[in-house]
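> Residue numbering for the sequence shown follows my numbering, beginning at 1 and increasing consecutively.
It is worth saying that the hints were derived from the structure and are not from the lab. Be a bit skeptical, because a hint or two may be false.
As the list claims (entries may be wrong) - Derived CB-CB ranges, DEER-like:
1) 257 x 324: 27 to 35 Å
2) 116 x 278: 22 to 30 Å
3) 308 x 23: 32 to 40 Å
4) 85 x 248: 45 to 53 Å
5) 314 x 116: 20 to 28 Å
6) 265 x 314: 18 to 26 Å
For glycine and all other residues, C-beta sits at the position ideal for the given N, C-alpha and C.
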Amino acid sequence: MRQERPPSHCPDARRPVTSDAAPEAVGLLEFLYGISGKQTLAGQHCAPLVGSTRLVTVHGATGRYPALFGQDFGFSAAGTWDGINFRQRIVDEAIRRHHEGFVITLMWHAVPPTRDEPVEFRGGVQSRLSDDEWRELTTPGTGLHGRWRSQVDVVAWFLRQLREARVPVLWRPYHEMNGRWFWWGGRAGDAGYRALYRMLFERLTGFHGLDNLLWVFNANELNEHVGDYADFYPGDDLVDILATDVYHSGFLGEDYDRLLALGGGRPIALGEVGALPTVEILRKQPRWAWFMAWGDVAGRWHERDAIRELYGSPEVLTHGDLPWVDMDEPRTHYPVLG
């Protein structure tokens, strides 16, 4: 079935959707366009509790570091896996890794605005707002909208530090929205997820002036339990990159084709993967700008040969392959590979 996109208000899709975006964000997006269809960045999620130890695991398995460093601002009690007390450490690490040449991607398993941090994953991040609560959340001037705004402002303070350090961020807000497992999920249409995404965009870019973010619309792979990408897509004027999380489908071509059609030429990515794509898959689906392993895939000894093959293939860019790794900071231009 053909997907219809909401009308575009972005005059140049190759420019970030944030007005007057920082040069670092402009340069990174240009680089992603430049490698589109040619090579894919290797990425690794690094959970709050364990910091960047997974980068070491990947290097131990492959002799290479991933090009992309991912983290989550978290939601849980101090000292636990997704502890909110690790946020400053995450920001400090992201700044350091940026100076080392890594590409930074960040996300946030946000606490529902009906609750205070910290929360458990189940019953907290995985919970449901009533229809009345959702309407209140998306209505400015209400109490629930004010609570949401205050929660966003906390994370904005950390993102602001990255802006001041001139670190561009691939920002994946409210991911897997076409599923119903997170409190922000399963609400299609203009009054649903699109309204929440737009609220966040306007709060972070307008009120907080965060011009260093590249906005990633990051859905869940298509299956019988989720909605269509197009039903949740917030619009071309709010999205720089489209992504999907793949844990079960085996990288079916449907997700790839649908995102390409919906994005209208924008880069697409594998925001999270449970198992790494193979070299063969990347050759068949060359437009993926990056993949990010969610778990410690390099620690799976029975998969070491496949991981080494992937990291050593010409289709994949690792940290050492990036042309700016030895450039002086600040980085405002990302050279495009030959």
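> Confirm or reject each hint.
Right, here's what the structure says about each hint:
1. 257 x 324: 27 to 35 Å: Since residue 257 and residue 324 have Cβ atoms about 32 Å apart, the given range 27 to 35 Å holds.
2. 116 x 278: 22 to 30 Å: The hinted range 22 to 30 Å is violated for residue 116 and residue 278, with Cβ atoms some 44 Å apart.
3. 308 x 23: 32 to 40 Å: Given a distance of about 36 Å, which is inside 32 to 40 Å, the answer is holds.
4. 85 x 248: 45 to 53 Å: violated, 33 Å
5. 314 x 116: 20 to 28 Å: Violated, at about 49 Å.
6. 265 x 314: 18 to 26 Å: Holds, since residue 265 and residue 314 (Cβ atoms, about 24 Å apart) stay within the stated range.
Violated hints, in rising order: 2, 4, 5; the structure is consistent with all others.
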